[in-house]
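Enquirer: Here's the letter readout for the chains.
2 protein chains.
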Amino acid sequence: MTSLNRRSFLAATAAAVGSISTCVQAKAHDPMPKKWDEEFDVIVIGSGFAGLAAATEAKNQGAGNVIVLEKMPSPGGNSTINGGILSVPGGKFQKDLGIKDSPELLAEDMIREGMGYNYPEKVKTTTQAALPTYEWLVKEIGVEFVDGKVGQEGGHSVPRHVYTSNGLGSGIVNKQLEYAKKIGVPVRLRCYVEEIIRDSDGRVKGVKVRNGYRFGKPDSGKVQYLKAKKAVVLCHGGFGADVKFRMKFDPKLTEKFDTTNQPGATSELWREASRIGCNMIQTDWIQCGPWNSPEEKGMGIALYFAQGAAATMGVWVNCSTGKRFVNELANRKVRADAVINNNNKGQPCIALSDQNAVDLSINQTRKGILDKMLDKKVVHKFDTLEALAAQYKIPLDALKKTIADYNAALAKGSGDEMGRPFTKNAKPIGTGPWYCSLLSPKVHHCMGGIETNQLGQAIDISTDKPIPGLYAAGESTGGVHGAVRLGSCATLDCLVNGRIAGANAAKEKPWS
Amino acid sequence: MTSLNRRSFLAATAAAVGSISTCVQAKAHDPMPKKWDEEFDVIVIGSGFAGLAAATEAKNQGAGNVIVLEKMPSPGGNSTINGGILSVPGGKFQKDLGIKDSPELLAEDMIREGMGYNYPEKVKTTTQAALPTYEWLVKEIGVEFVDGKVGQEGGHSVPRHVYTSNGLGSGIVNKQLEYAKKIGVPVRLRCYVEEIIRDSDGRVKGVKVRNGYRFGKPDSGKVQYLKAKKAVVLCHGGFGADVKFRMKFDPKLTEKFDTTNQPGATSELWREASRIGCNMIQTDWIQCGPWNSPEEKGMGIALYFAQGAAATMGVWVNCSTGKRFVNELANRKVRADAVINNNNKGQPCIALSDQNAVDLSINQTRKGILDKMLDKKVVHKFDTLEALAAQYKIPLDALKKTIADYNAALAKGSGDEMGRPFTKNAKPIGTGPWYCSLLSPKVHHCMGGIETNQLGQAIDISTDKPIPGLYAAGESTGGVHGAVRLGSCATLDCLVNGRIAGANAAKEKPWS
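As given, the protein sequences belong to chains A and B, one line each in that order. Numbering-wise (the numbering used here), the first sequence opens with residue 1 and increments by one. Numbering-wise (the numbering used here), the second sequence opens with residue 1001 and increments by one.
In short, the hints are calculated from the structure, not lab data. Treat each hint with caution, since some may be false.
Using C-beta positions, here's what the derived DEER-type ranges look like [unchecked claim]:
no., chain 1, residue 1, chain 2, residue 2, range
1, B, MET1247, A, GLY298, 32 to 38 angstroms
2, B, MET1032, A, ASN166, 54 to 60 angstroms
3, B, ASP1201, A, SER165, 37 to 43 angstroms
The calculated lysine-lysine pairs, modelled on DSS-like cross-linking and capped at a C-alpha distance of 27 angstroms, are [said to hold, decoys possible]:
no., chain 1, residue 1, chain 2, residue 2
4, A, LYS412, B, LYS1100
5, B, LYS1401, A, LYS412
6, B, LYS1376, B, LYS1256
7, B, LYS1424, A, LYS323
8, A, LYS124, B, LYS1256
9, B, LYS1381, A, LYS124
10, A, LYS381, A, LYS323
11, B, LYS1424, A, LYS465
12, A, LYS227, A, LYS244
13, B, LYS1100, A, LYS345
14, B, LYS1412, A, LYS401
15, B, LYS1345, A, LYS401
16, A, LYS323, A, LYS427
17, B, LYS1424, A, LYS100
Where is the CB? At the ideal position from N, CA and C, for every residue including glycine.
All chains should be modelled from the sequences, with the hints used to inform the complete structure.
Expert: Right, dumping it as structure tokens:
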């Protein structure tokens, strides 16, 4: 795969397509507008990684008149605020470091961690396209990555992700925006898609929009009808910021829980895709980080303490009971659910460690960060366990017993009561001062979404056939990540499958 | 709650309803038929627990002309072949045995095991109605339960379920059918619902059916349009037998895996409900029993060995590696997924125990069953471990090491490598003869489905408002069981929420 260049990769993927013109009689149908206000060949909804990749690829593949619609006042969605890491198995930096890796190994990691809910062919396409996608980003889009640096996120078997040079997803998005401008693909901001219009012949023919929309004001903007002669491509992202909608799928995720998402990560197009006959898969797999603190916005920094020090050599404690409540090294899903269930019963939870644990972990691996956490008041320091317990209203005797039990099991080498493996070099807990952070998971990523085939076509719930004129890619779709998405794989998914959807949308036979 | 009789329970639930006539403008709409072939007040689809409960309740609440439609040639669906157990917290038999229980405790069990994916208000309604539902079954429907016997399924904190006297769900369904006949509710067999008809005013107005349908022949039967003046109630059950559809939501559940469901448990009305604007929640939570054997049909009996003997005092082994692969006492979901993932890699798995384990478990609790399993050739006996390994092509050295490691951990009292707690009285594994059963999970229950409110009204994906004229109950709906359904709770859900849906459907204002 490493020798695949951009064109051969896309050509391989699109080989079966030819001119796409399957016509499926829809049971549902919308009335057509009396007149179309504007006409495009391809309309892409959403201006994150996937939307920009789809639109530019469509343009390059000869789509003609392509536009990107974005409801928010600025482009990029969650992609701009993402961490700017990208899995590149078999990349140059890995080779320089002597790390053996392959698309197959990444696929294995994704499917194992995704609990086998992943669509195997989607995973294969996505992972095999990783290296060509990286090369495309560097050579064609002009993205800069940190030279020689390779990182490893949880669930990956080897270090394999590269870092954008500005440390954010905007390092990619901004270059994609420049590139779109250069090749003549406009991004229309504050353009909210209220309806996807599907005709009685089964074809998607355009969208009803509100131009000049102001986020949060459903009736704002001017209603217009935009005709899509070839296709509409849905790259509208997830719904992590939409409390009401996410609670339909996971009722635990109440308004008490913050999100790492931008405010525009809402559900309107999830509802609309379903309404016009898309099949929505795995919508209830909504990823939360278990280690976040409610005392800071977004992802924050307290997680480095909660994970690095407390989860490995301290304990996580339910303040109402003074007891541990989960294996602190279980997967994110298990731990986040455990914290959320306690929080929803009105029981705060903390990550707790002593000085030893901090010295043996983050004070070595992330020098200086503990001071930042203390300054920011997201990690708190106490001279005595008594003072800490008093502050968080933890029953002191129960807390002491929890620590004593852990220490006894550690000394005996017997099984930890929560099934956690003992960390190498772990010492008995007991040397103050003490540190803790409050735990409150934050909604991060929607694994599920629209069912699409290998060409990025949205599948009709009634017929199992593609909906003519409708494509989707990125977080708005399901099947790539299964139950649990791995870090550095969302960017990859969005870019690869955005390009595939765009390339195939360009090949649709115009409906008039 | 124990003093609630049938009428007061339903009155309480339906209090907020009055005459139901909310009208929601639908974005989607179907063409109306030129003429309706027949007219009913309430049309119930599906003749299992939920459908029959809905139809008879609707009739009793003054619905007028009520009919039940069933696509199969015999009534009852999965309900007739179900195990005939019903959770009754606070029932007489429990009291006689001194077992303390309450609807609140059952609710707590359901939500804990459902991983908090349950809709709390649905769980409350369902559990609080358990005792009145039991009394209704006995006094009004004439169902006979085994006197004085109370059982306990996995995940329940106390023994709380009663048994029908014939040991099957048919002990309830047959009485419901007699009762329906008595009060004038016909059940029309071989009547397949091809479309639910939703008008442009948002209201569901009837169904398109094929009368005289032959299962598996989509074009069989005579097309007719049935008008539903008050409501359509969807009680069509799950899709466990529909391999293609279930693989959309959980791609692991390939055709390799059998199902405990009847062949009619297919997806047509899941697709149709989605098409007309229902919100489908938690569809990818599909329950499989981890302990089933592929060498017998349906639920079978090998599970008593795999669970009772091997999972507690033996080991589960991947035949390709000779190694254990899961905590044999983890929850059903974790274990079923682990076996399925191995099976899908072409790696058979077995449950394995020695004579000691069998003698200390099923030979005491289920006398005689081991002989039955051996006769039926679903559990297999070997004089030596060598012979067993040879039969299943298990690497012998690896298998011996697996057993030695288990024994060493047991002797030391140190942690089991898979995190399984050691069973009280467990002995080292090593005393032949040896026993084993093949493992192959079977698809059992769909936890997800149509989103409904507390009145059983189906919710519109676009508006979050009820779809006028459309109700749903039972396995076709989501929200009651969350991620994991407990044994003896499906029957309860179907009966309680079937009755609620039927009672409220009866109160709908006719549309003409």
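Enquirer: Decide, hint by hint, whether the structure agrees.
Expert: Evaluation of the provided hints:
Between MET1247(B) and GLY298(A) the Cβ separation comes to about 37 angstroms, which falls inside the hinted range of 32 to 38 angstroms. Restraint check, MET1032(B) to ASN166(A): a C-beta distance of roughly 58 angstroms satisfies the suggested window 54 to 60 angstroms. Range check, ASP1201(B) to SER165(A): about 57 angstroms between beta-carbon atoms, so the 37 to 43 angstroms window is missed. The hinted pair formed by LYS412(A) and LYS1100(B) fails the criterion: a straight-line CA distance of about 38 angstroms is larger than 27 angstroms.
Distance hint between LYS1401(B) and LYS412(A) is fulfilled; the C-alpha atoms sit about 24 angstroms from each other, no more than 27 angstroms. Between LYS1376(B) and LYS1256(B) the CA atoms are separated by roughly 21 angstroms; this keeps the pair inside 27 angstroms, and the hint holds. Taking the CA atoms of LYS1424(B) and LYS323(A), the gap is near 25 angstroms; set against the 27 angstroms cutoff, the hint holds. At roughly 22 angstroms between alpha-carbon atoms, LYS124(A) and LYS1256(B) fall within 27 angstroms of each other, so this suggested pair holds.
Of the supplied pair hints, the one linking LYS1381(B) and LYS124(A) is violated, its CA atoms being roughly 42 angstroms apart against a limit of 27 angstroms. A threshold of 27 angstroms between alpha carbons decides the hint, and for LYS381(A) with LYS323(A) the separation of about 20 angstroms falls inside it, so the pair holds. A C-alpha spacing of about 55 angstroms is found between LYS1424(B) and LYS465(A), which places the hinted pair above 27 angstroms, so the restraint is violated. For a cut-off of 27 angstroms, the pair hint linking LYS227(A) to LYS244(A) is broken: about 31 angstroms separates their Cα positions.
For the given pair, LYS1100(B) sits about 23 angstroms from LYS345(A) by alpha-carbon distance, which is consistent with the 27 angstroms threshold. Restraint check for LYS1412(B) and LYS401(A): satisfied, since their Cα atoms lie roughly 24 angstroms apart, inside the 27 angstroms limit. Under the criterion of a C-alpha separation no larger than 27 angstroms, the hint pairing LYS1345(B) with LYS401(A) is inconsistent with the structure, at around 45 angstroms. The suggested pairing of LYS323(A) with LYS427(A) holds, with an alpha-carbon distance near 19 angstroms, which does not exceed 27 angstroms.
With a C-alpha separation of about 46 angstroms, the suggested pair LYS1424(B) and LYS100(A) falls outside the 27 angstroms cut-off, and the hint is violated.
Checked against the numbered hints given earlier, the structure breaks hints 3, 4, 9, 11, 12, 15 and 17 and satisfies all the rest.
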